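Counting from 1, position 55 in the sequence shown corresponds to residue 55 in the working numbering; the numbering is continuous, with no gaps.
You may find that some hints are simply not true.
[Said to hold, decoys possible] Only pairs whose alpha carbons sit at most 27 Å apart, straight line, appear in this in silico DSS-like list of lysine-lysine:
id	residue 1	residue 2
1	K250	K290
2	K144	K172
3	K290	K263
4	K130	K57
5	K306	K250
6	K188	K178
7	K204	K178
8	K173	K263
9	K57	K173
10	K99	K41
11	K188	K204
12	K41	K123
13	K178	K123
14	K144	K130
15	K172	K130
16	K263	K172
17	K204	K173
18	K41	K306
19	K123	K144
20	K250	K204
21	K123	K172
22	K229	K250
23	K229	K144
24	K41	K57
[As the list claims (entries may be wrong)] For each label pair, taking beta carbons as the anchor points, the in silico distance ranges come out as:
id	residue 1	residue 2	range
25	L49	R265	54 to 62 Å
26	Q89	E291	50 to 58 Å
27	A344	E291	35 to 43 Å
28	E156	T360	29 to 37 Å
29	K99	T226	43 to 51 Å
30	S34	G237	22 to 30 Å
31	A344	E156	12 to 20 Å
32	R73	A288	39 to 47 Å
33	D267	S44	43 to 51 Å
34	A288	Q236	19 to 27 Å
35	E56	E175	58 to 66 Å
36	P247	Q179	38 to 46 Å
37	P75	S154	20 to 28 Å
By construction, these hints were calculated from the structure, which means they are not laboratory data. Small disclaimer: the values here were computed from a predicted structure and weren't measured. In this text, a Cβ means the ideal position worked out from N, Cα and C, and glycines have one as well.
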Amino acid sequence: MPLSVKNLALTLLLTAGMFCFPLAAEALEAVLNSRQPLCSKPQSACPALFNLNSQEKVEVLDQSQDQGWLQVRYPRNGQIGWIPVSSAQLILPRTMRFKSVFQFDPHSFPVFVLSDQVDSSQKPQVLAGKQLFALNTTTEQLEKPLPLRFLSSSTELLSPCQARLGEVHCVKKIEMDKQSYLQLQSEKSAQNFPNYTTLLRQEKGQTLAQVAFSPAFALQATGFGTWGKSVFALYQGPGESLRAVLPNTKDIFAFVPTEMRSKIRSDTLEMVALESNGILHVVAGQFARKERLLLRFQITAEPPWKYLGQITWPESLPWSLGKGQPRIQVATQGQDTWLALAPAQDPENFELYFFSVTGTPLFHSSVPGLRSLWLDSQARLWSLEGDSLVMRQAVFEADKP
């Protein structure tokens, strides 16, 4: 039997498309509503460092855990302090611009192919049909495709895949009778045949699986393997042995910070999304508030997994346990989160929400036909929408047309 993530975590605790926001280079800003003391701590009657004047701008760096205070930097002298959320108005994106970078052959079902971290010179790619297109993020163009012999994109192929030197790995969902199987399919240039490995067996109609290849190969899906039932599996690497499993989402409670455990209900925890960079998103209900939270954890090869923070689930598309859950795509970098949701009854009609620093969405926009999201090293968001590769960009109030 493989080593359980739950047991490891408890032991450690007991022993101790494209959507580009300028926020990677520019901080989220806010304007003071009135004269306000800059506090040294996020608390009432706090020691004031000095007073900020009405209509002055500050850079927003963080938010307190109770979401009542903003940590800000005063740009004139670089001083960092805290102000109440109600004392300032955030400068929000006012519109979006986008352009279609490339149109693939109709019904080619393109998927992102991320490069192995070992080979940093390799460009990200897109698999469409049996062709790999290299993505040049500097020129915002796709370069000459490389044909594959065995792997082919389809509606059942999960995004992203992974490309290593001379090999490509993809996870595919195969329907058979009343069961479905998640299968790792690999193609290596040195072999005259493909490799197929069954990872998980599912009942038909279960939640869509999501896959990560960095910093470890992980699979977020409810199903059965040789280890029994699980909701999450962590592997040594594509084609390699299993490292650990998570039998139940409640087991993730072991990684929740101690000060938060009295605020959320462990019986409401449910995994909803796994990003390609290994960030796991878990929905949680609260004791004192009706709003649900989306907790973020960074998957690592060994537990405990790092808690990265939380955002508030958008009320416009409520979450409920059981069937009828919305489809979810997530892409994060630092404190910026792009959350795409589509109703179960209309799975192609996505709404894309943007969060930065604060726990509530700053704005949202419709993105129909969304298949996958991916952020590059410059925090630019690339999206595959139907058969198109699209770049999107937010325009802030302070930006020039």
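Hints versus structure:
1. K250 <-> K290: Distance of about 20 Å is within 27 Å: holds.
2. K144 <-> K172: Distance ~25 Å between K144 and K172 Cα, so the pair holds.
3. K290 <-> K263: Distance ~12 Å between K290 and K263 Cα, so the pair holds.
4. K130 <-> K57: Roughly 51 Å separates the two Cα atoms, so the pair is violated.
5. K306 <-> K250: Given that 27 Å is the threshold and the Cα spacing comes to 16 Å, the pair holds.
6. K188 <-> K178: Roughly 32 Å separates the two Cα atoms, so the pair is violated.
7. K204 <-> K178: 6 Å, holds
8. K173 <-> K263: 37 Å, violated
9. K57 <-> K173: 50 Å, violated
10. K99 <-> K41: 44 Å, violated
11. K188 <-> K204: Violated. K188 to K204 sits at ~31 Å, over the 27 Å cutoff.
12. K41 <-> K123: 44 Å, violated
13. K178 <-> K123: Distance of about 39 Å is beyond 27 Å: violated.
14. K144 <-> K130: Distance of about 13 Å is within 27 Å: holds.
15. K172 <-> K130: Judged against 27 Å, a Cα distance of about 15 Å means the pair holds.
16. K263 <-> K172: Not OK: K263 and K172 at ~38 Å, beyond 27 Å, violated.
17. K204 <-> K173: Roughly 11 Å separates the two Cα atoms, so the pair holds.
18. K41 <-> K306: 25 Å, holds
19. K123 <-> K144: 12 Å, holds
20. K250 <-> K204: 23 Å, holds
21. K123 <-> K172: 23 Å, holds
22. K229 <-> K250: 14 Å, holds
23. K229 <-> K144: Measuring from Cα to Cα gives roughly 43 Å; hence the hint is violated.
24. K41 <-> K57: 20 Å, holds
25. L49 <-> R265: 54 to 62 Å: Violated - the Cβ-Cβ distance for L49 and R265, about 38 Å, lies outside 54 to 62 Å.
26. Q89 <-> E291: 50 to 58 Å: Cβ of Q89 to Cβ of E291: about 22 Å, so the range 50 to 58 Å is violated.
27. A344 <-> E291: 35 to 43 Å: 21 Å, violated
28. E156 <-> T360: 29 to 37 Å: For E156 and T360 the Cβ distance comes to about 36 Å; the hint holds.
29. K99 <-> T226: 43 to 51 Å: At roughly 47 Å between Cβ atoms, T226 and K99 fall inside 43 to 51 Å, so the hint holds.
30. S34 <-> G237: 22 to 30 Å: 56 Å, violated
31. A344 <-> E156: 12 to 20 Å: For A344 and E156 the Cβ distance comes to about 19 Å; the hint holds.
32. R73 <-> A288: 39 to 47 Å: Violated, at about 31 Å.
33. D267 <-> S44: 43 to 51 Å: 33 Å, violated
34. A288 <-> Q236: 19 to 27 Å: 42 Å, violated
35. E56 <-> E175: 58 to 66 Å: 59 Å, holds
36. P247 <-> Q179: 38 to 46 Å: 20 Å, violated
37. P75 <-> S154: 20 to 28 Å: Distance hint for P75, S154 is violated at roughly 51 Å.
Hint compliance for this structure: hints 4, 6, 8, 9, 10, 11, 12, 13, 16, 23, 25, 26, 27, 30, 32, 33, 34, 36 and 37 are not met, and every other hint is.
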